[in-house]
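Chains as they are written, first to last, in numbering that gives the first Met the number 0: chain X, 0 to 362; chain R, 0 to 362.
FYI, nobody ran anything at the bench for these hints, they're computed from the structure.
Treat the hints with caution; some may be incorrect.
Okay, the calculated beta carbon distance ranges per label pair [claimed, not checked]:
id: 1; chain 1: R; residue 1: R49; chain 2: X; residue 2: D340; range: 38 to 46 Å
id: 2; chain 1: X; residue 1: E180; chain 2: R; residue 2: E338; range: 47 to 55 Å
id: 3; chain 1: X; residue 1: A264; chain 2: R; residue 2: L100; range: 35 to 43 Å
id: 4; chain 1: R; residue 1: T197; chain 2: X; residue 2: P306; range: 47 to 55 Å
Predicted, not measured: the structure shown is a model, and the values here were computed from it.
We put the CB at the ideal spot given by N, CA and C, even for glycine.
There are 2 protein chains.
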Amino acid sequence: MTISDIPTPALVVDLAAMERNIRRMSEYFASRSCKLRPHFKAHKTPEIARRQLAAGSCTGLTCATVGEAEVAATVSRDILIANELVDRSKCRRAAALARQLAVTAAVDSAEGLDQLSSAATDARVVIDVLVDLNVGQNRCGVAPGEEAVALGTRAAGMRGLRLRGVMGYEGHAVGIHDRAEREAAVKHSMGMLAATATAFAAAGLPADVVSGGGTGSYDISSAVPGITEIQAGSYVLMDSDYGCLGMPFEQALFVLGTVVSRAVAERCVIDAGHKACTKDHGQPSVKGMKDAIVLGLNDEHTIIAIPAASSIKVGDRLSLVPSHIDPTMNLHDALYVLEGDNVIDVWPIAARGYGTIDRSRSA
Amino acid sequence: MTISDIPTPALVVDLAAMERNIRRMSEYFASRSCKLRPHFKAHKTPEIARRQLAAGSCTGLTCATVGEAEVAATVSRDILIANELVDRSKCRRAAALARQLAVTAAVDSAEGLDQLSSAATDARVVIDVLVDLNVGQNRCGVAPGEEAVALGTRAAGMRGLRLRGVMGYEGHAVGIHDRAEREAAVKHSMGMLAATATAFAAAGLPADVVSGGGTGSYDISSAVPGITEIQAGSYVLMDSDYGCLGMPFEQALFVLGTVVSRAVAERCVIDAGHKACTKDHGQPSVKGMKDAIVLGLNDEHTIIAIPAASSIKVGDRLSLVPSHIDPTMNLHDALYVLEGDNVIDVWPIAARGYGTIDRSRSA
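In isolation and in its complexed conformation, chain X is listed as follows:
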């Protein structure tokens, strides 16, 4: 099977580029005390996570949901669910996982602690918890400092739970294009995280895990004293948004489409629209075609302006460079693995989607 046999639209990965990204990140962390906890949400693909962990320098995996953790459990024995679990069903699923592997969850409320404690106690397991801090993203998380210490103190006394420390995601800062500005914003956020860990220790609370960071900040956050692990995900496949930041990672992920129309000389249309490649971080670009301009993505079509003299014809294949990896991966069920133009494997994107009837039954 070669690239021309793949039914389009389809996600494809340049395996050699992906392996280089994995190696570079692993080598970066090899000599540091801060380690990597790759974020599974970026790709939801067990085979990629397996390779990330096998490369070394990792504490475990990060997941966004308990559903992801259930899938990632096939490749990791140490999973951080870096979001709040607050309902009984999800806490029970987390507790069920904690029978087989080390499970850590983020908390930012007393209600969340109660539910996790109850589920852990019922299942006779221990769930590790990190107090989630708002380090400037203004999404979830309690305020650094006193408020965090108060929630940590509460957590430390609860049955079935083991407080491990703090986490905070500087999501407002990881994408800032200017390096100096990004560095300042990231250091400010991670400084609040590290200072709260110090306050935990001063209050006699455990703070051996101080978790934060992402692809855009891995080499900034990891250098802040006290940060113990970085939750980077996108680096492994990359997207054009992170591609602007000048990092040592290569674009390895593409959305393959077929030209279905060239009814006029100045544009062509491919069969990969925004149901195949999201545009929430801007339009994708066309791989290897500097003179092609993406005019727009509809549900099933990408409309591309091309020079009138271009030889592109109906049936040709073009590759889009996604602007945002996470939601684009989430649109597909399979990832075609390329060595040159040969398809050497097809990996299930096993954790994609919501509402799989089988998965909800396991709730």
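For chain X, the structure is supplied; the task is to place chain R on it using the hints.
Leaving out everything else, chain R in the frame of chain X:
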């Protein structure tokens, strides 16, 4: 099972509202010569399509892809694939379907005709074709008039194909908010479509199918003399974008989420982000909460500004009203069917996604 047992994020449908939408659309077309060909791409859910067809006034189903048509074949014996099929594999799949049911495909190129003809001849079937016209959307389609007649003439002479007429989608016009402006733009586009059908007839070409329209134009396009069927999809479940147009259809589709954080008084965060509810047509709104303002959607979170005095707490459930139904449906594998707060069924969104390994094997 009630709404509070559904694992979030999840798609839910208010069944009674959906049934009213189906009945209203069916009644509109009952007394007209122009009929409805509901667009399956809006929901990808066979059980919804079955009910749309059972209500009457339909010529068959519209699909966007051959993969959708393969799934929709379980509920319809007459399917229009309203996009260009140009590669051998997809044309073969369309030909395989044509063994069991009437299959029509859109064409805008000689290459597309060649591939379809070859696949139909090999499979010893007939595939119906419509010449696709660019009626102002500037996506696919040949120019109305002479160019269309030339492609129609070519199609009429090809083995395995049966020319049926023309289609054109006024996608640039269906969403115009001002009714008078929308009406003018739609009539202009549909006028080009009807005039080309007349030119087909004058050239001795078949033109018994003249297909166009959408939810935003169903009552305008269907009144243009010569238009034989309307490809509306969104009307059955609706979204907030079409909801602005003042049509007689109710919002029946919602994305259910759980409040996972209320760390500060002035905002809450739910566990349904843009992996569960797209924002390509703008932010969703919160059902039944006029004082709630969606500040943003991240991958797994929607951040909502609420009054500081609001009683919303961690664990509560909120429903988002999606701004764009088609790509939102495409994010989920199942649709929970509600009568009041009771879940009476769970329908598979059987045609969602790309790259399903099983489906690619059938290619």
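Taking the hints in turn, this is what the structure says about them:
1. R49/R - D340/X: 38 to 46 Å: holds, 42 Å
2. E180/X - E338/R: 47 to 55 Å: holds, 53 Å
3. A264/X - L100/R: 35 to 43 Å: holds, 37 Å
4. T197/R - P306/X: 47 to 55 Å: violated, 36 Å
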